[in-house]
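S.K.: If you read the protein sequences in the order shown, they are chains S and L.
Its first residue numbered 1, the first sequence is counted upward by one per residue in our numbering.
Its first residue numbered 1001, the second sequence is counted upward by one per residue in our numbering.
Take these hints with a grain of salt, some might be off.
Claimed, not checked - Within a straight-line C-alpha distance of at most 25 Å, the following computed BS3-like cross-link-like pairs (lysine-lysine) qualify: (1) 1094(L) x 2(S); (2) 1082(L) x 1121(L); (3) 84(S) x 242(S); (4) 1200(L) x 1094(L); (5) 152(S) x 133(S); (6) 49(S) x 236(S); (7) 1200(L) x 1219(L); (8) 399(S) x 1069(L); (9) 6(S) x 1124(L); (10) 252(S) x 242(S); (11) 236(S) x 252(S); (12) 1213(L) x 1225(L); (13) 1124(L) x 308(S); (14) 1084(L) x 399(S); (15) 308(S) x 1082(L); (16) 1066(L) x 308(S); (17) 1082(L) x 399(S); (18) 1225(L) x 404(S); (19) 135(S) x 108(S); (20) 2(S) x 1131(L); (21) 308(S) x 1121(L); (22) 2(S) x 1147(L); (23) 404(S) x 1069(L); (24) 399(S) x 1066(L); (25) 2(S) x 1134(L).
Please keep in mind that the hints were generated in silico from the structure rather than gathered at the bench.
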Amino acid sequence: MKILLKLAWRNIWRNWRRSLITLIAIIFAIVLSVVMRGIQLGTYEFNIKTSIELFTGYLQLQLQGYNDNPSLHRTFKPDSSIIKELIDIPQIKGFSPRIYSGGLINSKSNSTGAIIFAIDPVNESKVSSFHTKIKDGEFIAPDNTFDIVVGKRMLKNLNVNIGDTVVILTSGYDGSMGNYKFRICGAFSMGYSDFDGIAVFMHIKGADELLSMNGRISSIAIALNNLRDIPIVKEKLNNKFKISGYEALDWKNLMPDLKQLMELDDISAVIYLAILMLVVAFGILNTLLMSVTERFREFGVLLAIGIKHQQLILILILEVFLMTLIGIIVGTGLSYLINYYVYLNPINLSGDFAKIYEEFGFIPQIHSTMDISIFLSTVYSIIIITAISTIYPAYRVMKLEALKGIRYT
Amino acid sequence: MFKNESVIMEIIRLENVSKIYSSNGVSVNALNDINLSINSGEYTVIAGPSGSGKTTLLNIIGTLDKPSKGKVFINNEDISNKNKSELSRLRLDKLGFIFQAYNLIPVLTALENIEFAMMIKGIKELERREKALKVMRELGIEELANKRPNQMSGGQQQRVAVARAIVNSPLIVLADEPTANLDSKTAILLLDMMQNMNEKKNITFVFSSHDQKVIERAKRLIILKDGFILEDINNRR
Ligand SMILES: Nc1ncnc2c1ncn2[C@@H]1O[C@H](COP(=O)(O)OP(=O)(O)OP(=O)(O)O)[C@@H](O)[C@H]1O
Ligand SMILES: [Mg+2]
Chain S
1 MKILLKLAWR NIWRNWRRSL ITLIAIIFAI VLSVVMRGIQ LGTYEFNIKT
51 SIELFTGYLQ LQLQGYNDNP SLHRTFKPDS SIIKELIDIP QIKGFSPRIY
101 SGGLINSKSN STGAIIFAID PVNESKVSSF HTKIKDGEFI APDNTFDIVV
151 GKRMLKNLNV NIGDTVVILT SGYDGSMGNY KFRICGAFSM GYSDFDGIAV
201 FMHIKGADEL LSMNGRISSI AIALNNLRDI PIVKEKLNNK FKISGYEALD
251 WKNLMPDLKQ LMELDDISAV IYLAILMLVV AFGILNTLLM SVTERFREFG
301 VLLAIGIKHQ QLILILILEV FLMTLIGIIV GTGLSYLINY YVYLNPINLS
351 GDFAKIYEEF GFIPQIHSTM DISIFLSTVY SIIIITAIST IYPAYRVMKL
401 EALKGIRYT
Chain L
1001 MFKNESVIME IIRLENVSKI YSSNGVSVNA LNDINLSINS GEYTVIAGPS
1051 GSGKTTLLNI IGTLDKPSKG KVFINNEDIS NKNKSELSRL RLDKLGFIFQ
1101 AYNLIPVLTA LENIEFAMMI KGIKELERRE KALKVMRELG IEELANKRPN
1151 QMSGGQQQRV AVARAIVNSP LIVLADEPTA NLDSKTAILL LDMMQNMNEK
1201 KNITFVFSSH DQKVIERAKR LIILKDGFIL EDINNRR
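Just need the whole structure built from these sequences, with the hints factored in.
M.R.: As structure tokens, this is what we get:
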């Protein structure tokens, strides 16, 4: 065994140029797939986390069916047993009630459609961070029931300023038309211009009156300490409250477009990586076959001396194994460094790329992740493709005959 | 006890061996009904014109080829029913080969080449190193120990190949045209060496050759023609 290892090792160095090509192919495949995958998943994770923290929340508790068909008639009065349960679950960091609705917002000179997000100014900051996006003016103070915050774009569209009063018109829970005056206390900029033109944040008490809710709410937004706890808590809540007609929703339910986009992107990435692996596999197969064919005579001598075919194949396998091992060490090391760098220093995009990102509702930034599973799955695929590439050359060796006397005539 | 040389044993016996090659519908009788036995201590040369079947005969003796008809016995054991891996083991333990083109393993040094078969057999490092160095000393090639084949001349490589063939004390050493690639001075040196090994250590050699220098030294000369043994002359020296 030791001698076979020695033979394998020296054979790698004998034609070092070719070995280097094989090695580079392996390293290239690893780096490309780990970095690509890292950026893809890292950027997803970042966007999910940003959306979650910005406003969506880790989870939301709503009446069943509300998410698919949001109507004021699917709102609920949060009873004390729900509140108690939420307080008792240790993974929950905080929660806050919300009312979602639509309406028409009118200034003196203009009017536009609005999506109303009514929040509890005291508790909301435990759940979301959109208040940090306020660029002008201030966030809604707990006592200012009829203050609202709008996007800067809406401010411009309505041709109003901070401190101005607008009228919001909407139909309430009981079917009556609500019609209230609100003071704009601040303006935010989320970065997505569509959202900045349509969203209105309102005090939940103001919304309660405007919409005649009588204490009803659309949703309870819940924040967790850890992204990874989402499935556990979701299940826990569903187990508890499903019978009472509630359901817990995570980002996948709340942002189905984002989820679908990611799934599509994921499929194309997997196809791309599969093609990459296929190309690399053919490269390895080719160099291996060359190196084996070149040594047919040498192998024939070894067979004549009395080595077994299995031992020759073992030499071949050891050669592949050693090269793959080196490739994996160098490749993962290199891609670890690259991923770590991008992880620490997200790349800001600009120009057309940034536009594409924004169009999909993404923040135009490239992130990466240090998720170990990316490295593992890449290493698995590399091992599998090198193993597959070895089969045919090994078969050729298996069929080899011992070197016989040379001249026939 | 007898001294080693005084015990004469039959090592190889061929009984009615024929070899027919057929390719593209044309069949060639390379060997016809050969009966032959080779004893320990012999120094035999198989001569004959090109195409007479020398290589074929050596291949069959060396278990590298199977006869179409007839039986081959090595150490009185019929080898026709042995499988591939048993034959490998037999070659590893009992046979030594010298090839026309030396055919050392390029990535191993002379010493490692000589030790190779013993490594495969799993002989301990100390023992095999000692054996290899001893043979190298006897053949006067110690200074080549750490050289790779591409750092040696053809004659040096062939001497290392001889050392590789005899180091394991095989029953028999088979050499197909061992001098064909060497100039005559180097060839004579090599032949002297092998003759010396035969006389001093009683190693059994079987050669095939056209080369007059090789034929001159044969103790036993077998002349083949068209796959038949034309002459078998013993005790020439
Ligand atoms: N593998 C083979 N396939 C077909 N015919 C073969 C094969 N090997 C040898 N022969 C034929 O068998 C006959 C004997 O060949 P062999 O090589 O044994 O002769 P040789 O005495 O060694 O010749 P040379 O002196 O040229 O080496 C020749 O006619 C040759 O063409
Ligand atoms: Mg021949």
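S.K.: Does each hint fit the structure? Answer for all of them.
M.R.: Verification of the hints:
1. 1094(L) x 2(S): Distance of about 23 Å is within 25 Å: holds.
2. 1082(L) x 1121(L): 19 Å, holds
3. 84(S) x 242(S): 16 Å, holds
4. 1200(L) x 1094(L): 19 Å, holds
5. 152(S) x 133(S): 11 Å, holds
6. 49(S) x 236(S): With Cα atoms ~21 Å apart, residue 49(S) and residue 236(S) stay inside 25 Å; holds.
7. 1200(L) x 1219(L): 15 Å, holds
8. 399(S) x 1069(L): Given that 25 Å is the threshold and the Cα spacing comes to 24 Å, the pair holds.
9. 6(S) x 1124(L): 16 Å, holds
10. 252(S) x 242(S): 18 Å, holds
11. 236(S) x 252(S): 17 Å, holds
12. 1213(L) x 1225(L): 20 Å, holds
13. 1124(L) x 308(S): 20 Å, holds
14. 1084(L) x 399(S): With a Cα-Cα distance of about 12 Å, the restraint between residue 1084(L) and residue 399(S) holds, given a limit of 25 Å.
15. 308(S) x 1082(L): 14 Å, holds
16. 1066(L) x 308(S): Distance of about 18 Å is within 25 Å: holds.
17. 1082(L) x 399(S): Holds, at roughly 18 Å.
18. 1225(L) x 404(S): 20 Å, holds
19. 135(S) x 108(S): 23 Å, holds
20. 2(S) x 1131(L): 19 Å, holds
21. 308(S) x 1121(L): 11 Å, holds
22. 2(S) x 1147(L): 20 Å, holds
23. 404(S) x 1069(L): 19 Å, holds
24. 399(S) x 1066(L): 17 Å, holds
25. 2(S) x 1134(L): 23 Å, holds
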